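So the protein lines, in turn, are chains X and B. Numbered by our numbering, the letters in the first sequence go through residues 1 to 463 in order. Numbered by our numbering, the letters in the second sequence go through residues 1 to 463 in order.
Rather than coming from a laboratory, the hints here were simulated on the basis of the structure. Just to be clear, a hint being listed does not mean it is correct.
Using C-beta positions, here's what the derived DEER-type ranges look like [said to hold, decoys possible]: (1) B:Glu346 / X:Ala311: 50 to 58 Å; (2) B:Asp26 / X:Leu353: 31 to 39 Å; (3) B:Ser13 / X:Leu190: 51 to 59 Å; (4) X:Leu385 / B:Ile207: 57 to 65 Å.
Covered, in the sense of this in silico footprint (three residues per stretch, anywhere, with C-beta under 8 Å from a C-beta of chain B), are these stretches of chain X [stated by the list, open to error]: (5) 254 to 268; (6) 366 to 375.
Model, not experiment: these values are computed from the prediction. Ideal Cβ placement from N, Cα and C applies to all residues, glycine included.
Number of protein chains: 2
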Amino acid sequence: MADHSVTMENTLSTLLQEKKYTTIRDVLVTMNPADIAAVFSGVEREKLPLLFRLLPKELAAESFVEMESDEQEALIRGISDSELRQVMDELYVDDAVDIVEEMPANVVQRILAQSDPEMRKEINEILQYPENSAGSVMTTEYVKLSPDMTVGDAILRIRRTGVDKETIYTCYVLQNRILVGTVSVKSLLLAPSDLQTIDSIMESNLITVTTHTDQEEVAHMMSKYNLLAIPVVDGDNRMVGIVTFDDAMDVMEDEATEDMEIMAGMTPSDKTYLRSSPFELFKHRIPWLSLLMISATFTGLILTSFEEKLAAMVCLTAFIPMLMDTGGNSGSQSSVTVIRALSLNELEFKDILKVIWKEIRTAVLCGAALSVLCFGKIMLVDNLLLRTEDVNATVALVVSLTMFVTVLCAKVVGCTLPMLAKKLGFDPAVMASPFITTIVDALSLLVYFGIATLILPQLQAIV
Amino acid sequence: MADHSVTMENTLSTLLQEKKYTTIRDVLVTMNPADIAAVFSGVEREKLPLLFRLLPKELAAESFVEMESDEQEALIRGISDSELRQVMDELYVDDAVDIVEEMPANVVQRILAQSDPEMRKEINEILQYPENSAGSVMTTEYVKLSPDMTVGDAILRIRRTGVDKETIYTCYVLQNRILVGTVSVKSLLLAPSDLQTIDSIMESNLITVTTHTDQEEVAHMMSKYNLLAIPVVDGDNRMVGIVTFDDAMDVMEDEATEDMEIMAGMTPSDKTYLRSSPFELFKHRIPWLSLLMISATFTGLILTSFEEKLAAMVCLTAFIPMLMDTGGNSGSQSSVTVIRALSLNELEFKDILKVIWKEIRTAVLCGAALSVLCFGKIMLVDNLLLRTEDVNATVALVVSLTMFVTVLCAKVVGCTLPMLAKKLGFDPAVMASPFITTIVDALSLLVYFGIATLILPQLQAIV
Numbered sequence: 001m002a003d004h005s006v007t008m009e010n011t012l013s014t015l016l017q018e019k020k021y022t023t024i025r026d027v028l029v030t031m032n033p034a035d036i037a038a039v040f041s042g043v044e045r046e047k048l049p050l051l052f053r054l055l056p057k058e059l060a061a062e063s064f065v066e067m068e069s070d071e072q073e074a075l076i077r078g079i080s081d082s083e084l085r086q087v088m089d090e091l092y093v094d095d096a097v098d099i100v101e102e103m104p105a106n107v108v109q110r111i112l113a114q115s116d117p118e119m120r121k122e123i124n125e126i127l128q129y130p131e132n133s134a135g136s137v138m139t140t141e142y143v144k145l146s147p148d149m150t151v152g153d154a155i156l157r158i159r160r161t162g163v164d165k166e167t168i169y170t171c172y173v174l175q176n177r178i179l180v181g182t183v184s185v186k187s188l189l190l191a192p193s194d195l196q197t198i199d200s201i202m203e204s205n206l207i208t209v210t211t212h213t214d215q216e217e218v219a220h221m222m223s224k225y226n227l228l229a230i231p232v233v234d235g236d237n238r239m240v241g242i243v244t245f246d247d248a249m250d251v252m253e254d255e256a257t258e259d260m261e262i263m264a265g266m267t268p269s270d271k272t273y274l275r276s277s278p279f280e281l282f283k284h285r286i287p288w289l290s291l292l293m294i295s296a297t298f299t300g301l302i303l304t305s306f307e308e309k310l311a312a313m314v315c316l317t318a319f320i321p322m323l324m325d326t327g328g329n330s331g332s333q334s335s336v337t338v339i340r341a342l343s344l345n346e347l348e349f350k351d352i353l354k355v356i357w358k359e360i361r362t363a364v365l366c367g368a369a370l371s372v373l374c375f376g377k378i379m380l381v382d383n384l385l386l387r388t389e390d391v392n393a394t395v396a397l398v399v400s401l402t403m404f405v406t407v408l409c410a411k412v413v414g415c416t417l418p419m420l421a422k423k424l425g426f427d428p429a430v431m432a433s434p435f436i437t438t439i440v441d442a443l444s445l446l447v448y449f450g451i452a453t454l455i456l457p458q459l460q461a462i463v
Numbered sequence: 001m002a003d004h005s006v007t008m009e010n011t012l013s014t015l016l017q018e019k020k021y022t023t024i025r026d027v028l029v030t031m032n033p034a035d036i037a038a039v040f041s042g043v044e045r046e047k048l049p050l051l052f053r054l055l056p057k058e059l060a061a062e063s064f065v066e067m068e069s070d071e072q073e074a075l076i077r078g079i080s081d082s083e084l085r086q087v088m089d090e091l092y093v094d095d096a097v098d099i100v101e102e103m104p105a106n107v108v109q110r111i112l113a114q115s116d117p118e119m120r121k122e123i124n125e126i127l128q129y130p131e132n133s134a135g136s137v138m139t140t141e142y143v144k145l146s147p148d149m150t151v152g153d154a155i156l157r158i159r160r161t162g163v164d165k166e167t168i169y170t171c172y173v174l175q176n177r178i179l180v181g182t183v184s185v186k187s188l189l190l191a192p193s194d195l196q197t198i199d200s201i202m203e204s205n206l207i208t209v210t211t212h213t214d215q216e217e218v219a220h221m222m223s224k225y226n227l228l229a230i231p232v233v234d235g236d237n238r239m240v241g242i243v244t245f246d247d248a249m250d251v252m253e254d255e256a257t258e259d260m261e262i263m264a265g266m267t268p269s270d271k272t273y274l275r276s277s278p279f280e281l282f283k284h285r286i287p288w289l290s291l292l293m294i295s296a297t298f299t300g301l302i303l304t305s306f307e308e309k310l311a312a313m314v315c316l317t318a319f320i321p322m323l324m325d326t327g328g329n330s331g332s333q334s335s336v337t338v339i340r341a342l343s344l345n346e347l348e349f350k351d352i353l354k355v356i357w358k359e360i361r362t363a364v365l366c367g368a369a370l371s372v373l374c375f376g377k378i379m380l381v382d383n384l385l386l387r388t389e390d391v392n393a394t395v396a397l398v399v400s401l402t403m404f405v406t407v408l409c410a411k412v413v414g415c416t417l418p419m420l421a422k423k424l425g426f427d428p429a430v431m432a433s434p435f436i437t438t439i440v441d442a443l444s445l446l447v448y449f450g451i452a453t454l455i456l457p458q459l460q461a462i463v
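Let the hints inform the model, and build the full structure from the sequences given.
So this is what it looks like as structure tokens:
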């Protein structure tokens, strides 16, 4: 895809220099809005309005929706009021809202001034819903039917009003603005007779969300029930809009990206990587880096407090990275698994004991395997091969035992913290690798020196 | 949702004990297939066939599709051949394939024996495509039109054949089995006249995938172009099937889960967490844990080789966890960001220099901020507050400088490795936190002792 855009950019630049506008138009109309937007993103900003004017009205608006917000802004600033009005007339309300949300105030004013009063009212309504709620991603343009209509009437109504609706494939049956059923165009077309009434063929077993439902939950429900669109109702059960599958797909992608960013210790960003400046990346990365760096002080303090014991048996130091890393990795595995299951609604807080019990059994298996491997590796590599001073079977036993206990602690901590976070209303994704690693580092050192002092006679004299 | 199922399970158990089958039926028919499947998963296996028989034919088949494979298997074993035939008759081909893929051989034979010959042929064809390819997730049931049909003919054809098609909303215009255009039901319904021909209203600017396109790419394309369904063509450009949006949504969820699992050092699993046994979890977790544990040996060796220097200035040990952890975290941030951008097609290998340059600038910002913070923290906490032996401004400088260089190395390694992995045909997600941490650990120690030897006079005597 991207390769295609790059070649097209070069072709367009050449054609633009040669002022071959008809050719450019002929090329652009064969393309999809998403591809046109990709090509436009590589063109100099000043040329954008010129290119944009070459597009037929509808394709222009559709391509506009697909552009990144900085290009949209440049374009709005470069076109006339009447051109902007033409674009606004073609947009669906939810797309218009997405654009408005990203623009600076003076551009928003111009957009609203060029929208028709109905559109302006709907944009303002949707803008009031909290960010990431169903209300903020819904569209208010859907096909309304009434229960007493016939199938023939319904098809006529779709033919008359459908052109402006984001989807016509699911129609909504309202009585006094309350949703009483849904009818698919499939069931309308396949109905045995045009004279049947809507209430006799409608689906009255409804799946709805409210304006305040989180967009992630909305996407999950649409995926779970295989819905093309889901109706959004207000607190009084009146229908206010629909969320369509294409928006749900975007939400799913965005939410997965956000979870991954948070799990890697970053504050989530709306911008794509290549469009983020180093300073923006820095702002998203430095908070957790600083916090975790400072927390690592505790691990340092633990190490300092065992300084004399380490000095008495320096060979113990060599195994610290292996113990800390394996602990961290074991904990991350559990936390990431639990975080993802929570976010897909496969787990709930009430499952916490089940989860801990499962992790304990898994940890025993992993811990046992790693201990044996670790014991063998130390005896083979450090003792036999490298003949490292002081490293003998007792030391190998200390390290292996520590390995087992650390893996056990790490997996229990790793699965418990995300569930507690969710229960307390925090994002469980925060409790992923970096956070767990910091805790497990400290734990593994405490276990290490505890076991070492217990088993190694050289250390028992040192308090 | 899940709470709802739990309450329903109790109600159903009570009703089952009281043998109130009519009530059970009345309750079940108000529910959605996905919810029925959730409720059934909590019921004893032996009761499943009894409950299943209470459902109307179509709802039974739809609920069957939504069940987990072990319940499907139990159910198939518990129902008669003629009941199985009824279920198979109601299934779409792609759903039938999903079921067949999960069943043991003897169950598969029974399923195929009870499918009609057409269905059997299509199942066998789809089963031949590689796992995770467009061919393996497509369905072969779609509406075919020809270019010379009129709009009226097309609507008639949909009415006659649409009931068995997974979607009727996008129809495919074929000429000698080659796809020449698509027509939406919306454009059919909104066409000015029933006498217009299909080729005059069809969209001939086609977006297609081939049978071997990766399912993740298929989902991305559908999301990018907002498609309800995407046509799948074979090597000779003949149309063989479609992938619908609901399958694309499932693919998106599964692929994001898989990426997260791989990034956390696990081999991906198809089963949900609660359904995986501790031994299964162990099998998915132990390979990377063992590999990374063994790799940490190198970090240990580096530490051992600087043993004498550490013994000469024991206070340096206390800062090792902080340096290693911050390095690991910095590297993970870059690698996860790049891995996600690669998987969303926002980045390609040709951007590698752009990415490295961006990460270097970001690393300079992060490294500078962390160095200053780290210098301040050491002078304030370790020197002034705790009065740790040997810790002075020179030591603080060594640690801060190491911090800066480590962050720089970590970010460059973190962004480069996933891109190289992708270029070499590996999954970039493997190059995430655990892997990067192991490399950065070793790097940070080398940098630490290098800088320490350079700056601290106490260490220069020791070779």
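Against the structure, the hints come out as follows:
{"no.": "1", "hint": "B:Glu346 / X:Ala311: 50 to 58 Å", "verdict": "holds, 51 Å"}
{"no.": "2", "hint": "B:Asp26 / X:Leu353: 31 to 39 Å", "verdict": "holds, 35 Å"}
{"no.": "3", "hint": "B:Ser13 / X:Leu190: 51 to 59 Å", "verdict": "violated, 38 Å"}
{"no.": "4", "hint": "X:Leu385 / B:Ile207: 57 to 65 Å", "verdict": "holds, 59 Å"}
{"no.": "5", "hint": "254 to 268", "verdict": "holds (count 9)"}
{"no.": "6", "hint": "366 to 375", "verdict": "holds (count 5)"}
The structure fails hint 3 only (numbered hints given earlier).
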